[in-house]
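Asks: So you can see what is in the structure, the chains are spelled out below.
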Amino acid sequence: MKQRPIKFRILELYSDGVAHWNSEVVQQIQKEYDMSGDYYRDYINFDMIELVSGGMLTGTDEKIDKEGNYKKGTLLQKYMITDFGKIRASECCIRFL
Amino acid sequence: MMTSTNPFYKVEGLKMDDTNTDLKALKKELHTKRIRKGYMWAIFCAIGWALWYIAGTLLWTLDPFFGMYNDLAASDSSTVALILTAVLISGFTAITAIVALLVWNRTIGSHKEIKRSLSEFHPCSKWFLLASIFGGPIAIVGSFIAMGVIGPGFTAVAGLTYPIFGALLAWKWYGEKVSARALGGIMVIIVGGLTIFGGAAFGELAQAEGIPWLGIIGGLMGAIGFGTEGAIVGKGIDVTKPEVGLTIRYFFESSFWFILVIPLLALIGYPMFMYAFQIFDPLVIVILAATGFVAVANYSALYKSYPLVGVAKGQGVANVYGLLTVIFSFIFFGDMPQWTIIVGAVLCIGGSYIMFSEQSEDIESLRGGLK
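Just so you know, the sequences run in chain order A and B. Residue numbering for the first sequence follows our numbering, beginning at 79 and increasing consecutively. Residue numbering for the second sequence follows our numbering, beginning at 53 and increasing consecutively.
Errors might be hidden in some of the hints.
Here are the computed lysine to aspartate or glutamate pairs in the DMTMM-like style, where the Cα-Cα straight-line distance is at most 20 Å [as the list claims (entries may be wrong)]: (1) B:79 with A:145; (2) B:76 with A:140; (3) B:229 with A:161; (4) B:85 with A:140; (5) A:144 with B:81; (6) B:178 with A:169; (7) B:164 with A:112; (8) A:164 with B:172; (9) B:79 with A:139; (10) A:149 with B:81; (11) B:85 with A:143; (12) B:79 with B:410; (13) B:167 with A:110; (14) A:150 with A:102; (15) A:149 with A:116; (16) B:224 with A:169; (17) B:76 with B:410; (18) B:79 with A:140; (19) B:164 with A:116; (20) B:224 with A:161; (21) A:80 with A:90; (22) A:150 with B:81; (23) A:144 with A:116; (24) A:150 with A:140; (25) A:156 with A:139; (26) B:76 with A:139; (27) A:156 with B:410; (28) B:167 with A:112; (29) B:79 with A:143; (30) A:150 with A:116; (31) A:80 with B:172; (32) A:80 with A:112; (33) A:80 with A:169; (34) A:156 with A:143; (35) B:80 with B:410.
No wet-lab data here; the hints were simulated from the structure. Only a predicted model underlies this, so the values are computations on that prediction, with no experimental measurement involved.
Based on the sequences and whatever the hints tell you, model everything.
Replies: Following this line, the structure appears as structure tokens:
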């Protein structure tokens, strides 16, 4: 399958309208785009921060990663797509079911 | 090559001890870091932009550009000479910028994202094509018309007003939140810039015969061009990485100069290619490369600030470059600044402080006007 820009894919993953933890989405993108390692974990997470800042995703919950399954001691955030995010996603040719 | 720590994307990587489990405090710190990082990039852009002016000024003193300007000023007019020389310089700096950006994107691992984003024309790269037209030909040619018809002081004043257009468009178009306080800060910085260059601008306008409409239109093209570029880029960066967007923008800008403008000018009869083939002098190449590299550093910093603090604040803080240009010109060229620079400096720093000190924890998103 043709790979699309990472932010497209993040919006696509959130376009089910369900809230997902950033850690889950980051790990899925890492797998799909073959971007392993801590460097790319932070790299992809930064895209999500920009999407939140741009008003396309919004935080619904947060917790601290105490066990270190993702990144020990950091804030894990649960995000959901916003209405504006849906508009931007549909402009990126991502379909809403 | 990649290490486990990633200095460019560290906003979420907060260190904390096990006893600190206060979620709210952590969230607040995360937010503050995001904003601080955004401002840091904008200031970095201001410094880079001022340095760019130094390198850019040097280019005009070197052949083939120096000779090209003089030849065209003798055969046509100084305004035509300014614009055509600026076209050639812009074309070559766009090429060196692309080289620098490809190296940079490879280093940070974004090179594959360039191809992915470029091939998505309708949803993504078209924004950077538009941005390149506004920030490239429209703003650059406009600025040089203003410089030729009225003068550099007026051009600087006109150029410094561009965040007004950027902020207005970002707010109207996609509902970017611009608080009254941030707007106040932007205005204070602009007034600071006007104080620095205002005297020269009034002197130039007083010397002009009648109203120099062409020059005023040029100045407006500069301000609206750069401001509009910012707002359009904000839209493009929604769906790709800032440095990737910048690479695409320069790709379109250089294509525009070399595929359209320069051949067209050559067809009309200007010896553009004759001068273009004379750049292979080591000194010219080095200064061109430096100009391109500095442009990349400051432009990527500016683009990186947009998603973090917004187009309005990013451009507002980056506008401090006006002050820094005067300071760097003093350091590098010994141009003695006038006393007005002190008033201007206080205003620029004061305006930045007004923005930095704004409490914004409740603002998770920069957009609020759209549903």
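Asks: Determine for every hint whether it applies to the structure shown.
Replies: Status of each hint after checking the structure:
Only pairs whose Cα atoms come within 20 Å are accepted, and residue 79 of chain B paired with residue 145 of chain A is accepted, the gap being roughly 19 Å. For the hint linking residue 76 of chain B to residue 140 of chain A, the alpha-carbon distance of about 10 Å falls within 20 Å, and the restraint holds. For the hint pairing residue 229 of chain B with residue 161 of chain A, the CA-to-CA distance comes to about 17 Å; that is within 20 Å, so the pair holds. For the hint pairing residue 85 of chain B with residue 140 of chain A, the CA-to-CA distance comes to about 17 Å; that is within 20 Å, so the pair holds.
Under the criterion of a C-alpha separation no larger than 20 Å, the hint pairing residue 144 of chain A with residue 81 of chain B is consistent with the structure, at around 18 Å. Between residue 178 of chain B and residue 169 of chain A the alpha-carbon distance is near 12 Å, which keeps this suggested pair within the 20 Å criterion. For the hint pairing residue 164 of chain B with residue 112 of chain A, the CA-to-CA distance comes to about 11 Å; that is within 20 Å, so the pair holds. A C-alpha spacing of about 18 Å is found between residue 164 of chain A and residue 172 of chain B, which places the hinted pair at or below 20 Å, so the restraint holds.
Between residue 79 of chain B and residue 139 of chain A the alpha-carbon distance is near 11 Å, which keeps this suggested pair within the 20 Å criterion. A threshold of 20 Å between alpha carbons decides the hint, and for residue 149 of chain A with residue 81 of chain B the separation of about 17 Å falls inside it, so the pair holds. In summary, the hint linking residue 85 of chain B to residue 143 of chain A is supported, as the alpha carbons are separated by about 19 Å, within the 20 Å threshold. Taking the CA atoms of residue 79 of chain B and residue 410 of chain B, the gap is near 17 Å; set against the 20 Å cutoff, the hint holds.
Between residue 167 of chain B and residue 110 of chain A the CA atoms are separated by roughly 17 Å; this keeps the pair inside 20 Å, and the hint holds. Proximity of residue 150 of chain A to residue 102 of chain A is assessed by CA-CA distance (about 15 Å); at most 20 Å being required, the pair is judged to hold. For the proposed pair residue 149 of chain A and residue 116 of chain A, the alpha carbon gap of about 9 Å is at most 20 Å, so the pair holds. With a C-alpha separation of about 19 Å, the suggested pair residue 224 of chain B and residue 169 of chain A falls inside the 20 Å cut-off, and the hint holds.
Among the hinted pairs, residue 76 of chain B with residue 410 of chain B is consistent with the structure: their alpha-carbon atoms are about 19 Å apart, no more than 20 Å. Distance hint between residue 79 of chain B and residue 140 of chain A is fulfilled; the C-alpha atoms sit about 9 Å from each other, no more than 20 Å. At roughly 18 Å between alpha-carbon atoms, residue 164 of chain B and residue 116 of chain A fall within 20 Å of each other, so this suggested pair holds. Restraint check for residue 224 of chain B and residue 161 of chain A: satisfied, since their Cα atoms lie roughly 18 Å apart, inside the 20 Å limit.
Taken as a hint, the residue 80 of chain A and residue 90 of chain A pair is honoured in the structure, with Cα atoms around 14 Å apart against an allowance of 20 Å. A distance of roughly 17 Å separates the Cα atoms of residue 150 of chain A and residue 81 of chain B; the hinted pair therefore holds under the 20 Å criterion. About 17 Å separates the Cα atoms of residue 144 of chain A and residue 116 of chain A, which keeps this hinted pair within 20 Å; it holds. Simply put, residue 150 of chain A and residue 140 of chain A have alpha-carbon atoms about 14 Å apart, close enough for the 20 Å limit, and the pair holds.
A distance of roughly 5 Å separates the Cα atoms of residue 156 of chain A and residue 139 of chain A; the hinted pair therefore holds under the 20 Å criterion. Taking the CA atoms of residue 76 of chain B and residue 139 of chain A, the gap is near 11 Å; set against the 20 Å cutoff, the hint holds. A threshold of 20 Å between alpha carbons decides the hint, and for residue 156 of chain A with residue 410 of chain B the separation of about 27 Å lies outside it, so the pair is violated. As the CA atoms of residue 167 of chain B and residue 112 of chain A are separated by approximately 16 Å, the hinted pair is consistent with the 20 Å bound.
A distance of roughly 13 Å separates the Cα atoms of residue 79 of chain B and residue 143 of chain A; the hinted pair therefore holds under the 20 Å criterion. Straight-line distance between C-alpha atoms of residue 150 of chain A and residue 116 of chain A comes to about 12 Å, which keeps the hinted pair within the 20 Å bound. In summary, the hint linking residue 80 of chain A to residue 172 of chain B is supported, as the alpha carbons are separated by about 11 Å, within the 20 Å threshold. The straight-line distance between the Cα atoms of residue 80 of chain A and residue 112 of chain A is roughly 14 Å, inside the 20 Å bound, and the hint therefore holds.
Under the criterion of a C-alpha separation no larger than 20 Å, the hint pairing residue 80 of chain A with residue 169 of chain A is consistent with the structure, at around 18 Å. The suggested pairing of residue 156 of chain A with residue 143 of chain A holds, with an alpha-carbon distance near 12 Å, which does not exceed 20 Å. In summary, the hint linking residue 80 of chain B to residue 410 of chain B is supported, as the alpha carbons are separated by about 14 Å, within the 20 Å threshold.
Of the numbered hints given earlier, the model fails hint 27 alone.
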